[in-house]
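**Student:** Make a model of the complete structure from these sequences and hints.
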Amino acid sequence: GAGVSQSPSNKVTEKGKDVELRCDPISGHTALYWYRQSLGQGLEFLIYFQGNSAPDKSGLPSDRFSAERTGGSVSTLTIQRTQQEDSAVYLCASSFTGVNEKLFFGSGTQLSVL
Amino acid sequence: AQKVTQAQTEISVVEKEDVTLDCVYETRDTTYYLFWYKQPPSGELVFLIRRNSFDEQNEISGRYSWNFQKSTSSFNFTITASQVVDSAVYFCALSGRNTGGFKTIFGAGTRLFVKA
Chain Z
175 GAGVSQSPSN KVTEKGKDVE LRCDPISGHT ALYWYRQSLG QGLEFLIYFQ GNSAPDKSGL
235 PSDRFSAERT GGSVSTLTIQ RTQQEDSAVY LCASSFTGVN EKLFFGSGTQ LSVL
Chain V
1475 AQKVTQAQTE ISVVEKEDVT LDCVYETRDT TYYLFWYKQP PSGELVFLIR RNSFDEQNEI
1535 SGRYSWNFQK STSSFNFTIT ASQVVDSAVY FCALSGRNTG GFKTIFGAGT RLFVKA
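Going down the list, the protein sequences come from chains Z and V. Quick note on numbering: the working numbering labels position 58 of the first sequence as 232, and the sequence is numbered without any gaps. Quick note on numbering: the working numbering labels position 102 of the second sequence as 1576, and the sequence is numbered without any gaps.
Each hint can be trusted.
Covered stretches of chain Z (in silico footprint by chain V; criterion: 3 or more residues with CB under 8 angstroms from a CB of chain V, positions within the stretch not fixed): (1) 210 to 219; (2) 222 to 232; (3) 270 to 278.
No lab work stands behind these hints, which were simulated from the structure alone. These figures come from a predicted structure and were not determined experimentally. Quick reminder that beta carbons are idealized off the backbone N, C-alpha and C, glycines included.
**Tutor:** Below, the structure written as structure tokens:
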């Protein structure tokens, strides 16, 4: 596609349920990032994929969070047993190589945990 | 460790005023890149500028200018003659090798209100 695509744009779930957030990066981009933006807060780094290398998972806040990237393209961020504090906008970004390049962001998924 | 600090949480100015957004960074890398992004009310972050650690030349693009000073680890952003359309959250970011890989970290952002 022309830009980074994220789905769903909004997700409302009940506490304790699992959710999956999807990111479709720009075609040809080898680097993919997930960030979390809580209300009125900055961008919190979650995970970074670069090509076929092992992902940098250092930002994942707990073992309830996981992400995968299939075929070097689409990525799914999974949050298990959601908690109210997981409510935030989850942003995906991609770049051509990921090495100090500018990032192209999607519109984000607004997650609300009730 | 890498860190980006944007001490100004919110700034409010009147249209046509000049405004400077501060950014201070910390890194042990000798090669790194600094960025500014804009997040308008619509929500999608947009890239504004990238500078590398070897290029301290200031840059001007229209009403925007950036002042990079390695001596003070700062990369400040100035908007001249601000306009209502400049109202947004502005993020400073840092990218560099960090424990085995490159990743970009962001400051907390500065929310700019430009009033007509």
